[in-house]
Amino acid sequence: MIDQIIFYTLAFIIVAMSLMVILARNAVRSALYLISALLGFAALYIRLQAELLAGVQILVYVGGIMVLFLFVIMLVSVRTMEHQARQTRQWKAAVVIALGVAAELIYLIVRGGSIFVTKQPPDALLTKSQNTQVVGEALYSTYLLPFEIASVLLLVAMIGAVVLAKKKI
Amino acid sequence: MNILVNYVVIPLVKIVVIVAILSGGIAYLTLMERKVIARLQHRLGPMRVGWHGILQPIADGLKFIIKEDIIPIKADRFVFTIAPGISLVPAFIVFSVIPFGPPDSLWGTGGYVTDVNIALLFAVAVSSVGVLGVILGGWASNSKYPLLGALRSSAQMVSYEVAMGFGIIGVLLVANSLSLVEIVEKQRSMGVWFFFVQPIAFLIYYFCGMAETNRLPFDLPEAETELVGGFHTEYSGFRFSLFFIAEYANMITVSSLAVTLFFGGWLRPFSSVAALSFLDIIPPPLWFVIKVLIFLYIFIWVRGTLPRFRFDQLMRIGWKVFLPVAMANVMVTGAILLKFL
Amino acid sequence: MITTNHYLVLAAIVFTIGVIGVLTRRNILIIFMSIELILNSVNINLVAFSYLLKNVVGQVFAIFVITVAAAEAAIGLGIIIALFRNKETIQADEIDLLKW
Amino acid sequence: MLVSYVPIIIFLVVAISLPVVGLAAGRLLRPFNPFKEKLMPYECGVDPEGDARERYSVRYYIIAILFVVFDVETIFLFPWAVLYRKLALFGFIEMLIFILILMVGYIYIWKKGALEWV
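Residue numbers (the working numbering), protein chains in the order written: chain Z, 1 to 169; chain Y, 1 to 341; chain F, 1 to 100; chain V, 1 to 118.
If you are wondering where the hints come from, they were derived from the structure by calculation, not from laboratory data.
Hints are not guaranteed to be accurate.
[Said to hold, decoys possible] Okay, the calculated beta carbon distance ranges per label pair: (1) Z/Gln87 x Y/Val321: 46 to 56 Å; (2) V/Tyr108 x Y/Val273: 49 to 59 Å; (3) Z/Thr9 x Y/Tyr28: 32 to 42 Å; (4) F/Ile2 x Y/Trp51: 52 to 62 Å; (5) Z/Arg111 x Y/Asp104: 49 to 59 Å; (6) V/Cys44 x Y/Leu338: 56 to 66 Å; (7) F/Ile2 x Z/Val152: 37 to 47 Å; (8) Z/Arg111 x V/Trp110: 54 to 64 Å.
[As the list claims (entries may be wrong)] When the alpha-carbon atoms are kept at most 30 Å apart in a straight line, the in silico BS3-like pairs for lysine-lysine are as follows: (9) Z/Lys166 x V/Lys112; (10) Y/Lys63 x V/Lys38; (11) Y/Lys320 x Z/Lys166; (12) F/Lys87 x Y/Lys74; (13) F/Lys87 x Z/Lys92; (14) Y/Lys186 x V/Lys86; (15) Y/Lys339 x V/Lys86; (16) Y/Lys186 x Y/Lys339; (17) Y/Lys74 x Y/Lys63; (18) V/Lys38 x Y/Lys74; (19) V/Lys111 x Y/Lys320; (20) V/Lys38 x Y/Lys67; (21) V/Lys36 x Y/Lys74; (22) V/Lys111 x Z/Lys166; (23) V/Lys86 x F/Lys54; (24) Y/Lys320 x V/Lys112; (25) V/Lys112 x F/Lys87; (26) Y/Lys67 x V/Lys36; (27) Y/Lys63 x V/Lys36; (28) Z/Lys166 x F/Lys87.
If you're wondering where the values come from, they're calculated on a predicted model, not measured in any experiment.
We treat Cβ as the ideally placed atom computed from N, Cα and C, and that holds for glycine.
One chain only, chain Z, in its complex shape (with noise of 0.2 Å):
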């Protein structure tokens, strides 16, 4: 029961402040909106036991990648915008075409959903010791690999918007 109220609230949350996103009128509430959305992604992880992934989540998106993004909004916002339309032109076609790919996704999971256990195990079977602990030792052994590649990744995020940024270089 009280898991049933967590679910549909936070699927509440997101689907509502979602939809917020792509129907607000600038850019600002957008990110607002979306930042409340991510608020509950995070505590959906804390429902599923991924705590360490709540706080990243938080930390990462909330605290950064939305501080970058409304910085972004700050240096380019153009007054003229809010009059023009919002939408392209083809905004019909892709809405239909948007939804019959949800339905087909929804129609799938609907239908092939029963070829795995889709009943969730009891709380507390994944946190044998911490979740930090468990994550960071399947991170930091077995995938070695990406996570090396992680920070080439970050080192080609960080150069390349120097130099897509700075003019003279």
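Here the structure of chain Z is known, so what remains is to put chains Y, F and V in place on it, guided by the hints.
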């Protein structure tokens, strides 16, 4: 039933008490600040309201509530209203994970609102959300000074947040736990405060904390001589007071985390020396408060003593001094720890 | 009873919202935010399966997804700034030249 | 324990209710008589010139990028530091490579003057 009592009723009581103490504490922190700075400058400070100005914070609070609340005509009303809240709420929620007493204190309910596995990560993450309030507040005002102030302020806050994060890693290497309760317990079992193990990490943390809370000598965002008032120029009345309270709440957060991570939290000084056990006459939560007050005093003392940095100096210190030193501190700590493994 | 399917359906809905945002909005910044929604819906799937299968690999990959999202945002927004400098617009359908 | 997050939610509700109640209570008490000059954006007493949402220095954006990159780096350091005793020398070398790779970028942007604030 038991769960309901342990995780809803008892925490609710603690939360109400903590919020009340925090609100009162913030009010009197302003009085303390004015009095201490007055002493540093050979003045008297507020003297009129009550004995030696003891009722001054209450008068200030009332004034905030009854002042007219102006929303500039060009402002984005929704964002303008919500921004001070975004700045204030994270500053308060961090206290849900900061332990102020041992797990067996307060009649066995534990000297904390809750003890989660990722407490430290949670505290760092949540306090990083506060910067959004500053940016949104400055943007929503749609006026030049607030926008510039917000950009400066947020650039400064994010710059120092990075070095702060690296500073904390130094402690984590020694403590090996993200739970703040366990970090304090570790300091008890090791018999030494982490300040003596990680002095560089502490200095970085505390200076970055000053920059994060926009306090002197890092109070560029509010540099009155150039930016009028920074990101809250257009704010008045109660909304302004929310930003103001958020700044002071952040000061208390930074001090509390500094005490928890580096100065043994609720532990008395030299908790392993039995000869000093007479110090136990002061209960652990009170030790915690005393230590926090010392740090808050240093905040004010620094404000009364040092001039403000220039913005380019500020950025240089953050990125070219604190960040490399903090990273080096992490790796050197790691290398030294290898010897003890 | 909340099953894994519930999470999958939620992720599918958010994914669709993201796709609609990408396809219909003109403002590049909002298109970028829609992409963040899509990435997050993928993360829900990863975490839901990690919970179902009692295996933390899903969470590890979710962390990598967040890393990629950060790098993507950094580079993507850098491109937007470079673009804005040259074209003075951030409307996706006004940026229709291969060269300027 | 999942249930240990419940107090955080309660704290969130209490913390949000504070400013809401304050604003609502203040509405009954405070005066309200706006006029044109009062509602103008503040510009040291003179009428505001032009639009506030001008374009600002791109340096702010570079700072934000670097912040995000290093922020992601710290999230890899958190579990690493927690597990350090178990990983020992292997973990140390692993993280040394990770940090050295990022150091290349750090030195690059330093040399390019992206950290300079002129």
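Going down the list of hints, with the structure as the test:
no.: 1; hint: Z/Gln87 x Y/Val321: 46 to 56 Å; result: 49 Å, holds
no.: 2; hint: V/Tyr108 x Y/Val273: 49 to 59 Å; result: 51 Å, holds
no.: 3; hint: Z/Thr9 x Y/Tyr28: 32 to 42 Å; result: 38 Å, holds
no.: 4; hint: F/Ile2 x Y/Trp51: 52 to 62 Å; result: 60 Å, holds
no.: 5; hint: Z/Arg111 x Y/Asp104: 49 to 59 Å; result: 54 Å, holds
no.: 6; hint: V/Cys44 x Y/Leu338: 56 to 66 Å; result: 59 Å, holds
no.: 7; hint: F/Ile2 x Z/Val152: 37 to 47 Å; result: 39 Å, holds
no.: 8; hint: Z/Arg111 x V/Trp110: 54 to 64 Å; result: 56 Å, holds
no.: 9; hint: Z/Lys166 x V/Lys112; result: 9 Å, holds
no.: 10; hint: Y/Lys63 x V/Lys38; result: 19 Å, holds
no.: 11; hint: Y/Lys320 x Z/Lys166; result: 19 Å, holds
no.: 12; hint: F/Lys87 x Y/Lys74; result: 27 Å, holds
no.: 13; hint: F/Lys87 x Z/Lys92; result: 27 Å, holds
no.: 14; hint: Y/Lys186 x V/Lys86; result: 17 Å, holds
no.: 15; hint: Y/Lys339 x V/Lys86; result: 13 Å, holds
no.: 16; hint: Y/Lys186 x Y/Lys339; result: 19 Å, holds
no.: 17; hint: Y/Lys74 x Y/Lys63; result: 26 Å, holds
no.: 18; hint: V/Lys38 x Y/Lys74; result: 12 Å, holds
no.: 19; hint: V/Lys111 x Y/Lys320; result: 12 Å, holds
no.: 20; hint: V/Lys38 x Y/Lys67; result: 14 Å, holds
no.: 21; hint: V/Lys36 x Y/Lys74; result: 11 Å, holds
no.: 22; hint: V/Lys111 x Z/Lys166; result: 13 Å, holds
no.: 23; hint: V/Lys86 x F/Lys54; result: 22 Å, holds
no.: 24; hint: Y/Lys320 x V/Lys112; result: 13 Å, holds
no.: 25; hint: V/Lys112 x F/Lys87; result: 26 Å, holds
no.: 26; hint: Y/Lys67 x V/Lys36; result: 18 Å, holds
no.: 27; hint: Y/Lys63 x V/Lys36; result: 24 Å, holds
no.: 28; hint: Z/Lys166 x F/Lys87; result: 16 Å, holds
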